[in-house]
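Next come the chains, spelled out residue by residue.
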Amino acid sequence: MNDEFDEDAASTIKRFMFVNRKAPHGTIYALEALEVVLISAAFDQDVSLAFLDDGVLQLRKGQDAKAIEMKNFAPTYRALEGYDIEKLYVERESLEARGMTADDLVVPVEVVDRARMSALMSEQDVIMSF
Amino acid sequence: MLHTVNKSPLQTRDLDSCLLHLEAQSAESRLLLIEDGVYGALAAAPSATTLSDLANQGRLYVLGPDLSARGVAPEALIAGAEIVDYEGFVQLIVDYGPHQAWV
Chain A
1 MNDEFDEDAA STIKRFMFVN RKAPHGTIYA LEALEVVLIS AAFDQDVSLA
51 FLDDGVLQLR KGQDAKAIEM KNFAPTYRAL EGYDIEKLYV ERESLEARGM
101 TADDLVVPVE VVDRARMSAL MSEQDVIMSF
Chain B
1001 MLHTVNKSPL QTRDLDSCLL HLEAQSAESR LLLIEDGVYG ALAAAPSATT
1051 LSDLANQGRL YVLGPDLSAR GVAPEALIAG AEIVDYEGFV QLIVDYGPHQ
1101 AWV
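In order, the protein sequences belong to chains A and B. Heads up: the first sequence begins at 1 in my numbering, then just goes up one per residue. Heads up: the second sequence begins at 1001 in my numbering, then just goes up one per residue.
Because the hints were derived from the structure by calculation, they are not lab data. There may be inaccurate statements among the hints.
[Unchecked claim] DSS-like, lysine-lysine: derived pairs with alpha carbons at most 30 Å apart:
no.	chain 1	residue 1	chain 2	residue 2
1	A	K87	A	K66
2	A	K87	A	K14
3	A	K71	A	K22
4	A	K66	A	K22
5	A	K14	A	K66
6	A	K22	B	K1007
7	A	K61	A	K87
8	A	K71	A	K87
9	A	K22	A	K87
10	A	K14	B	K1007
11	B	K1007	A	K87
12	A	K71	B	K1007
[As the list claims (entries may be wrong)] Going by beta-carbon spacing under 10 Å, a handful of chain A positions derived as facing chain B:
no.	residue
13	K22
14	F73
15	V126
16	M128
[Claimed, not checked] Residues of chain A placed beyond 10 Å of chain B at every Cβ, according to the derived structure:
no.	residue
17	V19
18	R21
19	L31
20	I39
21	A42
22	L52
23	Q63
24	E69
25	M70
26	P75
27	G99
28	V107
29	Q124
30	D125
31	S129
32	F130
Each residue gets a CB set at the ideal place from its N, CA and C atoms; glycine is no exception.
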């Protein structure tokens, strides 16, 4: 029974999407999401991150959280690649509503429109929302 | 896909964003309103027009215990919204998953 379980766990890769919809410093959600994403890297799953609505603000260049005496975690998004987390999707409509383009972001991302984002969501096994 | 919204649409834009994404998906996607999200199903709420379309297609659900807790009678809701209990919530995830919470 245990053997069967172990074999299953080793061979079953699930698609995990972490959906980020909140601005970075007003609440703890963005930082917590990043912590969970880094932990998830240890489990060799198919991980992607989605940024939409105010979540796109998490990736905005030039953030200096030390000004409010908080951890400056924006640079951490650049470290995700080192953990084999390379699928970062950012919604175009959300960027545009905030006067931003991909050039304003701290990491290279794939900018997708809302319809594509919706499709990506529906393809997941597990969606974690922050 | 099953979407849940737990905030009042009079307070946040979570329901709006959820609906924009849900519209881009197949007719298999469903919406369940829970917690303060149940206020969105009020016939008097600004969200009623959009949600009515969904309700008429049999794709809108509201969590009954959250309605009861808030003193919202089923008669106050838009027509066609289906009220489910916790067991129904679980069944919706089984039938229409994955589940996305628009928190």
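> Going through the earlier hints one by one, which of them does the structure break, listed in rising order?
Replying inline: 5, 14, 17, 18, 22, 29, 30, 31, 32
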